[in-house]
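Protein chains in written order, with the numbering used here: chain A, 80 to 337; chain B, 80 to 337; chain C, 80 to 337; chain D, 80 to 337.
Misleading hints may appear alongside valid ones.
Since the list can't tell identical chains apart, any single copy or any two copies may satisfy a pair.
[Unchecked claim] Calculated pairs, DSS-like style, for lysine-lysine (alpha carbon to alpha carbon, straight line, at most 30 Å):
1. K125 with K328
2. K203 with K328
3. K216 with K231
4. K269 with K125
5. K103 with K230
6. K112 with K125
7. K230 with K328
8. K231 with K218
9. K328 with K103
10. K230 with K112
11. K203 with K112
12. K269 with K103
13. K216 with K112
14. K103 with K231
I should point out that these hints are in silico values taken from the structure, not numbers from a laboratory.
Protein chains: 4
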Amino acid sequence: MLKKDNPVTYICTSTEDAIFIRDKNLVEDLVGKMTFTEMLLFHLLKQPPTEMQTVIVDAVLITIMEHGLTPSAIAARETYLGAPESLQGAVAAGLLGVGSRFAGTAGDCAVLLEEIVGVPESEKSGVATAIVQRHRKTKTPVPGFGHPIHKKGDPRTPRLVEIAETVGARGDYIAAMHLLSEAMDEEFGKHIVINVSAAIGAVLCEAGIPATITRGITLVSRCAGLVGHLLEEMEEPSATYLWHLAEEKIPYAGEAGK
Amino acid sequence: MLKKDNPVTYICTSTEDAIFIRDKNLVEDLVGKMTFTEMLLFHLLKQPPTEMQTVIVDAVLITIMEHGLTPSAIAARETYLGAPESLQGAVAAGLLGVGSRFAGTAGDCAVLLEEIVGVPESEKSGVATAIVQRHRKTKTPVPGFGHPIHKKGDPRTPRLVEIAETVGARGDYIAAMHLLSEAMDEEFGKHIVINVSAAIGAVLCEAGIPATITRGITLVSRCAGLVGHLLEEMEEPSATYLWHLAEEKIPYAGEAGK
Amino acid sequence: MLKKDNPVTYICTSTEDAIFIRDKNLVEDLVGKMTFTEMLLFHLLKQPPTEMQTVIVDAVLITIMEHGLTPSAIAARETYLGAPESLQGAVAAGLLGVGSRFAGTAGDCAVLLEEIVGVPESEKSGVATAIVQRHRKTKTPVPGFGHPIHKKGDPRTPRLVEIAETVGARGDYIAAMHLLSEAMDEEFGKHIVINVSAAIGAVLCEAGIPATITRGITLVSRCAGLVGHLLEEMEEPSATYLWHLAEEKIPYAGEAGK
Amino acid sequence: MLKKDNPVTYICTSTEDAIFIRDKNLVEDLVGKMTFTEMLLFHLLKQPPTEMQTVIVDAVLITIMEHGLTPSAIAARETYLGAPESLQGAVAAGLLGVGSRFAGTAGDCAVLLEEIVGVPESEKSGVATAIVQRHRKTKTPVPGFGHPIHKKGDPRTPRLVEIAETVGARGDYIAAMHLLSEAMDEEFGKHIVINVSAAIGAVLCEAGIPATITRGITLVSRCAGLVGHLLEEMEEPSATYLWHLAEEKIPYAGEAGK
């Protein structure tokens, strides 16, 4: 760790005729030689990714790009209505809702999986049970479990696991996720759905993505999703309609005029 | 065009056991079957992209992801310093600077290239000259030309053109870019560098990306770049140093204490 | 104007025992001696405001603070739903919609009023007519005129004018606004409502606020309004309801499942 | 508490000729009859504020509006450089840094003061000591204490206390702040400066502002400060200079070119 008062960067430098990203020549080594996802991983991991890493991250990025008219998509479209001069403002407004409530659970679950993976095999099951119990005690939901719509099972979860296994992930975090699921079912006396968030946490750990930057992967994916929503908003606007709907369906209930 | 008071969306729908993006089943048709860039293009173009489109967009996304400690990266890092609880806030702050001044020129140049492509072959050269002249008259820079550092040529420009041509782009917009460049050189009496922005405008047109959403491609790419900067900021912080540097080097010049 | 490569600031400096804002000692001269609005004006105008300036700006700040469940308030509330850890993110999302479409018209109208005020008395009426005609020719709405709800007159307009006149504004810009209104009515052959935006543009000009920063006044006012909406969202949440309403009323109309 | 599936708003409603904010007619009862701060408090507290409340909140808003080239001001200026078309984007970027690290301490300290105020007189001192001890045990700084520059005392702290006392605050939270300060000094064996954040937490509690919305007061004040910075950036730009300074002083330390 370099001293704070003498900081450096390892990301990028330029000369009159070349640009370097980390130790690579942008034009000669990177452009036209990689996919976006490989470049993103090279940027985050500081070395070219393995195929396993790329396949997993591509699968995650595709899985969470879109979920229709989410709160985040609504914020982006309403912002575009007021400020059509600034596409970046509408995208930024949408990303600001990618916070702890919905998007943060993958990273939170990853931290729990690391806790299980970090102990010897014989203790893993006990740690999983302890995790569930301490969440119940404080009435905190265990991140990554349960789903309001996909009540019989989140279809994305087994697919992400299957992809990670096919491409050669070691499987430690996926196994930890299943242990945590078993502990959930035992503690609650019924099956609790493994949400896609748990699977995302597990497979990104398998791919070696630091838990501190998990939310960054989500932000990149949602950024793409929001651009798609804004293009639809230009072609098929719904923001004005939704605004008027809000005014009608969330009525004023104060004292004025009474 | 549907009526405004009865809006619909074509993006996404869910059932209890499936999620659909446009007409595809997310889990069965998309996850594990595409790269991120193919999914982004499917989202924007409403149909699976051709290889030509994917290769061009990957090349553009990689080209503009990083340029070191840009104003946008500085804004993201300084925001993270004050609000480490909100990675999304730091990314959003960085994206808010992806505006008309630096990032907008690719889209602005694309509009000029469309103007040239839209006329018969025999008139193209005249239109290019007219474009340069009308910009000179109002002392407006022609978007996509000149570079403060790469004075002998922007190395990214020929690389993007080469990739687009190799992968089978028709070349109409690239040809228009070269016509505009010739008109620039003739009008100014010297060679003016073709900035990577012009090349991005040209190759995204070749790939069929609507000019209205060009900036969206930039936002996705920069979003990834900013996540990389924030990971570096966590590991090698420079925001406090830069803050103190600003206080020292941009001194107070008011009346107090005089 | 100082050279770009040697910038300074006139805003603030500190010693071990004092903080200075411009030429004043924060603790001794400002805190407890002014209202917020006087401080805002001191910050923008670099000298303590007159009573006329303060009264006008207070009136404007109050007039535009709230208009219920606007697109901007919806964006803030939906963002808070996803990221309750970041109040600043929800406020920022709301402010990002304070753009050219609704909020920008006051500043745009101010520019037109400056155009009228800038010519001799005898020419003012002709300039007002020319402004209306050139907007009609390009089918651009004249900023500050018309209102979808207050069809017989915007009640805020005469009130702002009355306040400005009572407190001693010279009245040049208010007169220009009335001339522009007369030109509108004559050109369109019927009375067009003078929107509060025109009045805001006029009275802020009377108060000597630079047109370049008019939108800044709006942002401060709306920032306060958004904080109020977020407090209501904590106490009486409506964001989840509106999200579900959006999913129900803006249905998926694609091919999936057909 | 109304049911979630039937939400209402108490903030605003309109008719063809009037606008109501809560139970008041905007034009007849509010515009021209209040200062901005009174209106802000009416919005948050749902009733017209007392003079005590207004004076305290004005003092707080003025105290924290400006502190020069802070990380937040730098983010706003760098964002404006890239996106001059969107003043709202630059202000939003600046507000996004008003987070837990610097701005959040006032609200965090307020929570501790409420803890002390909530117990009988005879137990208050013990609670204060317990608070300090539990923070030391987890090596967490006590919010609102210490200052890197004002080492002999933050000049803003006694001024805010003086104003609150002069205007008739009961003084319970101010007394709690002093108890906490005594506990700090005793535990650490030396005097620790009472930061302005502690004073802000205390006096806003005296004024009856809910701790959940304390940060909202900060956001309104900083919004005004940021508008002032952006006006200076238009007149005396420093963002480009700071960008080049960052590139020069935070050098690339990677492998390229070695």
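Comparing the hints with the structure gives:
Taking the shortest Cα distances, K125 and K328 sit within 30 Å of each other only across copies (22 Å), while inside one copy they are farther apart (51 Å). In this homomeric assembly, K203 and K328 never come within 30 Å of each other (Cα to Cα): the closest approach is 50 Å inside a single copy and 47 Å across copies. Taking CA atoms no more than 30 Å apart as the test, K216 paired with K231 passes inside one copy only; the shortest distance there is 26 Å, against 45 Å between copies. Taking CA atoms no more than 30 Å apart as the test, K269 paired with K125 passes in neither setting, with 44 Å inside one copy and 41 Å between copies.
For a Cα distance limit of 30 Å, the shortest separation of K103 from K230 across copies, 22 Å, qualifies, whereas the shortest one inside one copy, 47 Å, does not. With identical chains, the CA atoms of K112 and K125 are at most 30 Å apart both within one copy (16 Å) and between copies (26 Å). For a Cα distance limit of 30 Å, the shortest separation of K230 from K328 qualifies both inside one copy, at 29 Å, and across copies, at 23 Å. With identical chains, the CA atoms of K231 and K218 are at most 30 Å apart within one copy only, with a shortest distance of 23 Å there and 45 Å across copies.
With identical chains, the CA atoms of K328 and K103 are at most 30 Å apart between copies only, with a shortest distance of 22 Å across copies and 56 Å within one. In this homomeric assembly, K230 and K112 come within 30 Å of each other (Cα to Cα) only across copies, at 26 Å, whereas the closest approach inside a single copy is 43 Å. Taking the shortest Cα distances, K203 and K112 never come within 30 Å of each other, neither inside one copy (42 Å) nor across copies (34 Å). In this assembly of identical chains, the alpha carbons of K269 and K103 never lie at most 30 Å apart, being 52 Å within a copy and 33 Å across copies at closest.
Taking identical chains as interchangeable, the C-alpha atoms of K216 and K112 are never at most 30 Å apart, the minima being 52 Å within one chain and 42 Å between chains. Proximity of K103 to K231 under the C-alpha cut-off of 30 Å is restricted to the inter-copy arrangement: shortest distance 21 Å between copies versus 48 Å within a copy.
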